[in-house]
Every structure is written in structure tokens, then in C-alpha cells.
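Residue numbers (our numbering), protein chains in the order written: chain A, 1 to 645; chain B, 1 to 82.
Treat the hints with care, since some could be wrong.
Computed list of lysine-lysine pairs in PhoX-like fashion (alpha-carbon distance at most 20 Å, straight line) [stated by the list, open to error]: (1) B:Lys12 to B:Lys24; (2) B:Lys78 to B:Lys7; (3) A:Lys175 to A:Lys637; (4) B:Lys12 to A:Lys615; (5) B:Lys7 to A:Lys615.
If you're looking for bench data, these hints aren't it; they were derived computationally from the structure.
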Amino acid sequence: MCGIAGYIGSSFSKLPADEVAHAMARSLAHRGPDGSGVKALGSIVLAHTRLSIIDLATGHQPMADDAETVWLVFNGEIFNYLELRAELISLGHRFRTQSDTETIIHAYRQWGDAFVERLNGQFAIALWDVLGRRLILARDRTGIRPLFYREHAGVLYFASEVKALRAALPHASWKLDTKGLGQALLFWSTVGDRTAFEEVSSLPPGHCLVIEEGSRTLKRYWDWNFTASGSQRQISMEAASEELRALLQDAVQLQLRADVPVGAYLSGGLDSSGLVALIRQRSDVRLRTFSVSFGDAEFDESAQQMEVARYLETDHAVVRCLPGDIARQFPRLIAHTEATILRTGPAPLMMLSRLVRESGFKVVLTGEGADEVFGGYDLFKEAAIRRFWARQPKSRWRPELFARLYPYLRNSPAGNRAFSHAFFGQELLDTASPFYGHTTRWATSRRNWGFLSGDVRHVLQGWRPEEELAQQLPKDMGRWEGLARDQYVEASTLLYGYLLSSQGDRVAMANSVEGRVPYLDHRVIEFANALPARLKLRRLREKAVLRQALRPMLPSSIVNRTKQPYRAPDSASFFEAGHAPEYVRHQFSAGRLAEAGLFEPAMASRLFEKCRAGKALGFADNMAFVGILSTMILEDKFVQGRSLE
Amino acid sequence: MASQQIKDFILKNFLFTDDASALKNDQSLMSSGVLDSTGILELITYVEDTFGIKVSDDEMLPGNFDSVDAVSAFVSRKQKGA
Numbered sequence: 001m002c003g004i005a006g007y008i009g010s011s012f013s014k015l016p017a018d019e020v021a022h023a024m025a026r027s028l029a030h031r032g033p034d035g036s037g038v039k040a041l042g043s044i045v046l047a048h049t050r051l052s053i054i055d056l057a058t059g060h061q062p063m064a065d066d067a068e069t070v071w072l073v074f075n076g077e078i079f080n081y082l083e084l085r086a087e088l089i090s091l092g093h094r095f096r097t098q099s100d101t102e103t104i105i106h107a108y109r110q111w112g113d114a115f116v117e118r119l120n121g122q123f124a125i126a127l128w129d130v131l132g133r134r135l136i137l138a139r140d141r142t143g144i145r146p147l148f149y150r151e152h153a154g155v156l157y158f159a160s161e162v163k164a165l166r167a168a169l170p171h172a173s174w175k176l177d178t179k180g181l182g183q184a185l186l187f188w189s190t191v192g193d194r195t196a197f198e199e200v201s202s203l204p205p206g207h208c209l210v211i212e213e214g215s216r217t218l219k220r221y222w223d224w225n226f227t228a229s230g231s232q233r234q235i236s237m238e239a240a241s242e243e244l245r246a247l248l249q250d251a252v253q254l255q256l257r258a259d260v261p262v263g264a265y266l267s268g269g270l271d272s273s274g275l276v277a278l279i280r281q282r283s284d285v286r287l288r289t290f291s292v293s294f295g296d297a298e299f300d301e302s303a304q305q306m307e308v309a310r311y312l313e314t315d316h317a318v319v320r321c322l323p324g325d326i327a328r329q330f331p332r333l334i335a336h337t338e339a340t341i342l343r344t345g346p347a348p349l350m351m352l353s354r355l356v357r358e359s360g361f362k363v364v365l366t367g368e369g370a371d372e373v374f375g376g377y378d379l380f381k382e383a384a385i386r387r388f389w390a391r392q393p394k395s396r397w398r399p400e401l402f403a404r405l406y407p408y409l410r411n412s413p414a415g416n417r418a419f420s421h422a423f424f425g426q427e428l429l430d431t432a433s434p435f436y437g438h439t440t441r442w443a444t445s446r447r448n449w450g451f452l453s454g455d456v457r458h459v460l461q462g463w464r465p466e467e468e469l470a471q472q473l474p475k476d477m478g479r480w481e482g483l484a485r486d487q488y489v490e491a492s493t494l495l496y497g498y499l500l501s502s503q504g505d506r507v508a509m510a511n512s513v514e515g516r517v518p519y520l521d522h523r524v525i526e527f528a529n530a531l532p533a534r535l536k537l538r539r540l541r542e543k544a545v546l547r548q549a550l551r552p553m554l555p556s557s558i559v560n561r562t563k564q565p566y567r568a569p570d571s572a573s574f575f576e577a578g579h580a581p582e583y584v585r586h587q588f589s590a591g592r593l594a595e596a597g598l599f600e601p602a603m604a605s606r607l608f609e610k611c612r613a614g615k616a617l618g619f620a621d622n623m624a625f626v627g628i629l630s631t632m633i634l635e636d637k638f639v640q641g642r643s644l645e
Numbered sequence: 001m002a003s004q005q006i007k008d009f010i011l012k013n014f015l016f017t018d019d020a021s022a023l024k025n026d027q028s029l030m031s032s033g034v035l036d037s038t039g040i041l042e043l044i045t046y047v048e049d050t051f052g053i054k055v056s057d058d059e060m061l062p063g064n065f066d067s068v069d070a071v072s073a074f075v076s077r078k079q080k081g082a
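Sequences are here, hints too, so could you generate the full structure?
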């Protein structure tokens, strides 16, 4: 795990001095505190900061082959590097180190641009082919590791985080991207290559960007393709669960590869409990596990966490998120997320990664991804009920099934029968829409747009973010089952842009911790995507095949537990007895709101007052509050250039 | 007058504005995104506190709460003891 950066010029541009690469690397020191390196190669400069995990002695970067025809910086892990290495040695390649880094170089020399399809891992790569004079930027299949780029004055800059681009270009114009803000307030994250910043692109997951003299080609090498309805594997639940268990055992075994000790996050739910059980099968060493607890019972899962820790005999450590902690963390959090966020959930996870690091660990396995791969969210159940209801819209009892959703919420949208039917009945008959499963979520988040300033709304007038997203969807998606369509959209929006980023890589790396996600091993995803939906969502029980696969390893109380999504207190986190920290009041002040020009000051002030009075009960007000505050901090730090931490 | 009070409450609490043109009296509050399902709870609490009435479970219907006109007609009926 590391940070990477660099820049490449065209034949007409003058390349910045190496000192710029050093400045980029310094800004990424949190991603790689164990060392750094810069290599100037004529028309390109590569930089790297290292968090050493595999081959501590010789894995330094930038790295080249013997003949120095291929240079590489890379962030992440290649979990199947030992198998690739053996294959490459059998093909005549000679290795100098034990690192996974060197494997990438030889894989490129052997297989050309198709090397990336051979990698099982989580990675962001910059590879310079000296003889071909071509740069390849590559990103893992689901977007676990970040990679951004920006062109300025004929030079293309790239880096693991936007702050390194800003360090390289302190005098360039830095603005928030208006459409990026529109997407974040609606979808919970930016989508595709769009970011929070104008002129800054994110390399999308499963893509390579090839830069050669005079051309730049973006290629997709992997996608969350699902098998068409009716053509899925014909397999029994028993056979599927056994195959899945073997696959997960292998994925976990690969991801336990490290030359440093590996711990695990334990939320108390099925996914992380199953993961810990799988690790325990593979290792005799007593496992260290980590979790967050909350004082508010609505959010706290301590009892479940302790039950699993006792059952699986782990050494369990807990960080307790107390009132005021989220507010104290928030400016630093946004400096790391580099994005508008609508929920505070990433803040306690940043506290958790600090606990991991202070406990002497650099690597943790997490249960992230299982809900997307196996259909775990209530959103998927909600869509299933809506589709069932839409077949008989006059049915009185079909919508009664909504009462089974969201049992963990204090103010549940399913709480009142008549209104839940009206809420979930929005666009009920539009079952062919690729966004059918997301209709109700986006109906709530769309309200955030109401706070935007007249200037911003003017820019967004006539722009339909759903239509733009629809154009990025696979052409054959209409042949998939409804659940598969919902899963694809979820993976393209919330998982990629928020869970793996703001709540994943960025908050772990804030404390120099690498998170690994075995449920997103591409073989696991491809296995699940070929199954019929009924093996995932079965009679409104989520993740059926995963539950069955993990059943032999866990007590029934855990296997049968209904999913409780991880959440943290939102606007209430920022007020103690009606008082907010000075920086929150400042960001919501009329002067500061007018300076940024993003939100209507009078509306934002009223929202602030409603939250201060403790009257913000629902998702909508809470999301708007956190969305405005995070955006204002983002603007202050990255556009105005002020130091806020 | 109840109608104006209700409209003012919705404008200030859900649309965060004083601009009366932002909301028509017959506009559906749910389908136009003014209220989500938890917003309904806030609106009902406000109506109970402000007009001294009790809203029973079987009165919590979109027909009674989905527009300014619907809420004011409901309040009026309740105050008359209908």
C-alpha cells in the first residue's frame, strides 16, 4: 500500500522540475510513511511513497526490470503474485526481488496491455514502457484503490489523491465541479470519471488509460456483467453454497499474504463474522479484530460484536465513538475524502483505523462488498417488493410487505402504513427503468438540490444526471433480472464512489492502514453474477447463498441475524446542548456561504437552526446538513486553499 | 388562517424559505419531494401541537396530509368535531 504520483509531458511541453514530484510525494506521506522515491526518465517523472507490507527489504519503487525498459510505481497488492511469478519464471523470466511489484513488470513484458487481466488484486498502477514511449495507468476492477489525473499546460499529472495534484499545481485554477456536486448530492457520490473538482478526472474502475505520443486511449478491461435472465447457472443452493465457500476460502487465503501481521474489522454482522471465521480456518495465530461502538443504542452493535469475538476467540479491540468525536474529526475527514459526503459514517471508521495503527497493524481484512455482491441491502428487498406489487398494483396485501423493512430505524419510512405505501409506490409501474431500485433513495436525496444557489442551479438547468448515468450502463442490461440491475447501479454509485473511497481507502489510509476486501475478489463477483437472483434474495431474506456458505462456521444466532447497516449519528453529532463547534458555525455563516456561492445562505441557515434545535428527524434534513457542511469544508480547503485541520 | 399557518410551517421547515410561490396549496407534498415519510411525522406533530387536535392512526392518510389544502381541510373538520 502506498501513494503514487507523477507527470508526463508531450514533445511540446516543458516538464516540471523533479522537485514538483517530491512535493506530490510529500502530500501523500500518510499513504506511505515507510519511504519514498522519485525517478526522472526524460519525458516522465514517477514518484512513490511506501507502506511496506510485502518484501520489506527489496520492494522499493519506482522499480524497473534489469534492462530498465519498463518502470513502475504501484499502489496496492497483487494477491496472486506468487502464482503469476511461478508462471512467468516457467516462461523464462528472471526475478531479482520477492515483491509483487516486480511481478507486474514481468507480466507486462509477457502479456502486453492484457497483463492487467491477469492480476487478482486491488491496485492503481503507473507503468512506463521506455522503448514504446507509452504510459499505462490502470486501476483495479471495482475501484478499491484511487487514481486521479489532470492535464495542465500540456503536462498530464496523475496521483493517488487530488491533494498531490494540487501540490503540483498550486497556481492553477481550482474549482469544485458543479455537475460533480450535483451528482454527489443525488447519487451520494460522483460517478464514472467525474470528481468533486473541475478538470480532475478519476480513472474509472476496471479501466486502463494508455498515453502515447499524440493520443490518449481509455479502455475498459472488466465490468460487473451479470448473466441474462434465464441463462444463469442451473445450480442448487447446496451446490452453489459449497462452491462459494471454497472460493471464499481461497480468496481469504490469498488476501492473508503479507510480511506483516494482518487483522480484521468485525462489525458483528454476517459478512465480517464470516470473514473472521474464514481467517480462523486458515491461521492458528490468534487473530486481532477491531470494531466501533456508539453510545446511542440505535447505532451500536457492541453486543453482537462481542458475541462473535468470544465465539471465534479473537483478541478484540473497540474504539468508542463518543458525542463530539465526529464533529472533531470532520475537517480532517474531508481533507482525506476529497469529496462531498452525505453521511458521517466515515468519521468513526477513521477513528477505527487509528486504533488499528496504534495497535501495531498495517493491514486489515474487511467485510465490505458482500452486500453488493450477494444482494444484502434493504434497498434490494424494497425493490423486490415494489416489483411484486407492480404486477398487481391494486393488491391491498402486497404493499403490506414493506412493514418488514427497516426494523432498525427509529424513524422508519415503513413506519406508517398509508404513507409508506405512497412513498414506496412512487413510479411503481416503471419497472423497466434501470434505476427502479434507486427511485425512492434518489427521491429523498434529490431534495438536496433545493439548497443549491441560483448560480449553481442555473448551470445545472436542463442537465439530467440520471440520463448521463444511463448512458454509461451496459447495453444488454435490460436482459438481466431486476436485482442484477439494482446491484449494478449500486456498485457503480455508492460502492465505488462512497463505500470504497470516502468510507474505505481514504479513511484507512488517513492512518496508514491498508484495508483488504475478499468479497470483492473478482472470482467471487463473477461467480455470484452468474447465479439467479433467487439464490441471493430468497423470500426477502438477503444474501441467501452466502448465509448458507457460512452456516457451518458460525452460530445460528449470527447466521440468521437480519442485516443492520453500519450507520453513525448525523446532524446531531455537531451539536452539544444546542451548541456547534466554531468551524461549523463559520461554514454555515452568511458570509462564508456567500463567499463559496454554492448554497442559498438563507436556506442553509434555516437548516442549521432546525438541526441545532434537534428537529431534524429524517434522512432528508440530515443528508442536506452533512452534504452542505462537507462541501463547504471541501471548498474552503481545496478552492480557497485554507488549512483547516 | 389555519391554511396560512400550515403553509408557513411547510415553507420554513421543509423548503427553508419565506417565498410563498415555492409551494402551491394543492401541490402534492410527497410526489413533489417536499416531504419524505419522516417529514410527515414532523407535520403531524406540528398540527397536533398547534391546533390542539389528536390525529389517530387511521387518520394518518395521504388524503389528509399530502397538500396544504388537505391538511387545512382536515384540521377544520377535526376542530368542528366532525
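Tested hints:
no. : hint                 : result
1   : B:Lys12 to B:Lys24   : 14 Å, holds
2   : B:Lys78 to B:Lys7    : 18 Å, holds
3   : A:Lys175 to A:Lys637 : 11 Å, holds
4   : B:Lys12 to A:Lys615  : 12 Å, holds
5   : B:Lys7 to A:Lys615   : 18 Å, holds
Comparing the model with each numbered hint stated earlier shows that all of them hold.
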